[in-house]
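Chains as they are written, first to last, in the numbering used here: chain B, 1 to 587; chain P, 1 to 332.
Read the hints as simulated data drawn from the structure, not as lab findings.
Treat each hint with caution, since some may be false.
Said to hold, decoys possible - Here are some, though not all, of the chain P residues that point toward chain B, as calculated from beta-carbon distances under 8 Å:
no., residue
1, V47
2, S191
3, H258
Unchecked claim - Simulated DEER-style distance windows between Cβ atoms:
no., chain 1, residue 1, chain 2, residue 2, range
4, B, G305, P, L103, 53 to 59 Å
5, P, I19, B, A476, 30 to 36 Å
6, P, R75, B, E209, 19 to 25 Å
7, B, G80, P, Q51, 49 to 55 Å
8, P, N60, B, I516, 38 to 44 Å
9, B, E375, P, L241, 53 to 59 Å
Ideal Cβ positions, reconstructed from N, Cα and C, are used throughout, including at glycine.
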Amino acid sequence: MSDKNHPAAQDPASQRLEEALARASSEDGRIRRRRMIGGGIAAVAVVGAASAWGLASRGGADTSASGGTAGGSAAGDAPGSPVSGGTLVYLDAEASRSTQPQGAGTWQDSAYLENIADRLIWKDPATGELQPYIAESWEISSDGLTYTFTIREGVTYSDGTSLDVASVARNLQWQADGDEAKGIQPSIQWPRLDAISTAGSTVAVTLLEPYAEFLDVLSGWAAVLVADATIDAPLESQQQITGIIGSGPFVVESEKYGEKIVFVRRQGYDWAPPSLAHQGEARLERIEVHAVTDDTTRLGTLRSGQADLIRYIQPADELQLAEDPSFQVLSAQGIGATNHWQLRVSIPALQDVRVRQALQIGIDRASLVSDLYTENWAVARSVVTEDAFGFVDLSTQLAHDPAGAAALLDDAGYADVDSEGYRSRDGERLSLITVIDVYDSTAKPLYQLVQSQLKELGIELTLRDADYSQVSEAYAAPDVATVRSGWPYPATWATLRTQWGSEGTDTFSLDGADPILDELLAAQAVATDPAERSALLAELQHHVIENAYVLPLLKDSQIFAAQSDVQDFSWSAEARPLFYTTWLDRP
Amino acid sequence: MRSRYLVTRILQAVLVVAITYLLTYWVLFALPGDPVANRLDNPQNPVPPGQAKAILEYYNLDQPALLQFLITVGRLLQGDLGYSLGTGRAVSDMLLQGLGSTLLLALAALVVAAVIATGVGLLAVFAPWGPVRSLARLVPTLSLATPSFLIGLLLLQIFSYQLGWVSSLDTESLTSLLLPALTLGIAASPSITQVLIQGLTEANGRPFVRVLRSRGLSHRAIAARHVVRNGSIPALTLLALTIADLLAGSVIVESVFHRAGLGYVTEQAVRSQDGPIVLAVVLLVSSLYSLVNLATDLLYPVIDPRISITESRLGAGAPASRSAQPALTEGA
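From just these sequences and the hints, can you work out the full model?
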């Protein structure tokens with residue numbers, strides 16, 4: 001039993017976490033309750049880990065595993081040559097809910113889809129470059145309206161039917177239109193379609209207007225290619241993963257609702273993206289995915305050796321695992337939007353751009369990461385990640401400047417300070433409401449820390465807890481000032497346009513009051529010249545950040561922990577796990 | 001007379017189920033939010049209003065409440081429980097999977113609870129050594145005060161993670177039932193144990209015990225043959241009632257052991273306000289309760305001849321009364 005397994009009380013990072021939480025907790029009674037509950041569960045884990053039976057350093061891994069390789073692929077040290085076969089036991093934090101591709105909103109469902117079905121286009125996770133996949137090659141007409149894809153020969157779905165040009169054409173039409181009679185929505189990011197035609201081994205898609213991110217759309221999970229049997233089936237069948245028949249490297253063998261999904265290797269798979277080093281069939285023979293929602297149980301099962309890989313661990317546990325040579329911590333930050341808060345201009349206090357700007361520079365992003373997270377997390381430098389197309393570094397505009405923020409608030413008329421230390425104007429306190437993200441279990445401490453940072457500035461931020469079932473109402477409530485968004489997306493700017501545009505969901509509640517924003521969003525979407533589009537996107541980023549419609553905070557990280565003998569675990573460009581290359585370095 | 005009583009009681013039971021169903025439907029409708037709305041408004045992937053309309057139409061969510069209710073009831077009367085809004089699964093399939101898993105767990109837990117109650121009860125009343133009796137009397141309070149998720153995590157920690165005797169991921173084999181059943185059994189045992197201790201203590205103090213002792217029967221024989229029989233009747237009644245507690249308590253235990261039983265299905269459905277599942281669970285549970293109540297009422301006269309069913313003087317429709325006063329006789 002090594003000292004490493006004791007609670008890391010002396011660890012500086014966890015000490016910082018404790019201090020940050022303690023600071024936040026002195027402000028709000030509800031926080032204390034949360035900490036006690038969390039502490040209770042942690043105590044149980046500690047009792048076990050520190051007990052004489054401690055098996056935490058299981059297995060004979062002598063090599064020290066290096067965790068936290070971000071980007072393309074990650075693995076432990078000193079791997080031998082890849083071994084084919086074996087079963088990987090993977091614990092996800094949530095169960096599959098609905099795999100209907102165009103509507104697959106939950107993270108895990110999109111991840112499963114990417115492992116059982118192929119797309120036309122492959123997006124390189126390291127560079128974001130669009131590469132051949134089921135489309136061997138493509139040509140774009142000079143007017144930017146017609147895309148002609150040459151389809152790879154010999155590809156079949158797991159039900160034996162052929163993934164040919166007819167099937168591709170049908171899939172694309174289905175993604176563009178949905179199926180209204182069945183309640184199946186169109187793929188939200190799809191451009192307006194004129195016609196799809198086939199000739200020989202090519203499929204030609206003609207759009208009504210140019211659409212810069214069309215190929216990105218085709219690389220995402222909502223663009224998975226499925227067999228006719230799936231398209232013909234009712235919505236209810238498509239919502240279950242057993243109803244998705246794809247051509248991917250794995251096939252669904254069985255599912256038990258809420259408990260387990262078993263994937264098996266697709267025999268004869270031979271159409272991986274040509275740019276991957278590994279080709280042919282997947283290395284793993286089986287993957288058992290269990291839905292284990294409880295953080296403690298998930299971690300305990302991994303530590304005891306009953307699981308090979310788990311998704312999502314608390315930052316404090318991450319630090320402990322990273323020090324243990326039997327395990328590796330793997331993380332990836334996908335390509336797309338950064339995690340940000342969208343401000344609603346319909347809130348009276350936020351109509352003044354100076355107040356919004358004060359929020360923008362009043363938040364100390366660096367300390368959010370250093371106090372609450374680990375080295376696998378990073379501060380956002382714009383509304384999109386560095387590897388997203390068009391990124392410009394706006395960290396200067398986002399730098400913490402409490403004096404500047406105070407001056408802006410004074411200017412805006414919030415010069416008086418009431419008895420509780422909050423600024424007010426005409427007797428009205430500067431007070432904002434937000435709803436804690438229910439989809440992310442690390443959200444609460446983050447919100448509490450932002451709350452305490454804003455309190456320093458004299459801004460009151462009220463945190464509202466939402467019930468999972470009522471989250472859409474909670475977000476939509478007219479008094480809510482800011483809502484969180486921003487994750488890796490296949491078509492980043494198209495997704496942000498849907499969210500920000502006055503014709504989309506108008507998340508800034510501008511109601512068309514900022515025509516420049518709408519114009520930039522529309523112009524970048526149809527700009528086919530990369531240089532021109534980059535310039536537009538740079539302007540757009542400056543516009544939303546300088547007007548402080550968006551408060552970028554962090555880059556979203558996916559954190560996994562694995563046994564040290566799990567090798568070549570890889571990620572898609574949106575940081576979904578891809579098991580195709582993974583193998584187990586064990587006898 | 002009997003058949004008329006029977007018909008009245010059955011109608012009453014049906015009415016109870018119908019009213020429960022109606023109230024649940026109304027509450028679900030009145031509360032904001034459902035899986036479809038959440039999917040459409042998901043901040044990660046919001047669906048623009050134009051596309052959302054077609055989806056709402058598919059689920060009839062654009063119809064007035066009354067019409068939606070009539071459509072649902074119409075399908076129900078044809079035996080169609082519908083599909084889960086969030087997951088697309090047939091509600092009947094989900095209920096069957098959940099009910100099978102949970103009933104098995106509840107039965108196993110009931111056995112555990114009965115064993116614990118008997119063991120602790122006997123120790124608390126008949127143990128020859130005072131401190132053991134006092135200690136045993138503490139057990140129900142102690143297990144009542146320990147949250148079942150904590151017990152579950154401790155059992156997992158010891159028997160699965162450390163000793164490796166059982167898998168923490170298996171949910172299908174019989175051995176996979178051991179830890180959850182133990183957890184749930186411990187959680188359900190305190191009330192039974194307490195009532196058993198009380199019953200045994202009371203029976204032990206009754207005059208017939210002294211009479212038997214004066215006839216020269218051994219302490220052990222009196223306890224085994226007479227006191228336990230008399231003193232355990234209330235506990236047995238309670239044991240039957242505990243089944244309801246077990247179904248309710250399974251939510252937490254199923255979550256710790258990630259078994260997708262009825263508790264899990266219900267919890268997920270309530271969490272996302274998945275109407276068709278919530279309604280079906282309410283229908284199932286209220287029917288079950290009404291049925292058990294009905295059966296109990298009808299069985300009383302069969303079990304205890306002193307209870308008989310008579311037509312009330314107040315007229316038809318009023319509930320029958322249990323007329324006889326139980327005689328205050330002692331007996332073995």
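Results of checking the hints against the structure:
no. : hint                        : verdict
1   : V47                         : 6 Å, holds
2   : S191                        : 24 Å, violated
3   : H258                        : 5 Å, holds
4   : B/G305 / P/L103: 53 to 59 Å : 32 Å, violated
5   : P/I19 / B/A476: 30 to 36 Å  : 33 Å, holds
6   : P/R75 / B/E209: 19 to 25 Å  : 44 Å, violated
7   : B/G80 / P/Q51: 49 to 55 Å   : 51 Å, holds
8   : P/N60 / B/I516: 38 to 44 Å  : 41 Å, holds
9   : B/E375 / P/L241: 53 to 59 Å : 55 Å, holds
Hint check: violations occur at hints 2, 4, 6; the rest are consistent with the structure.
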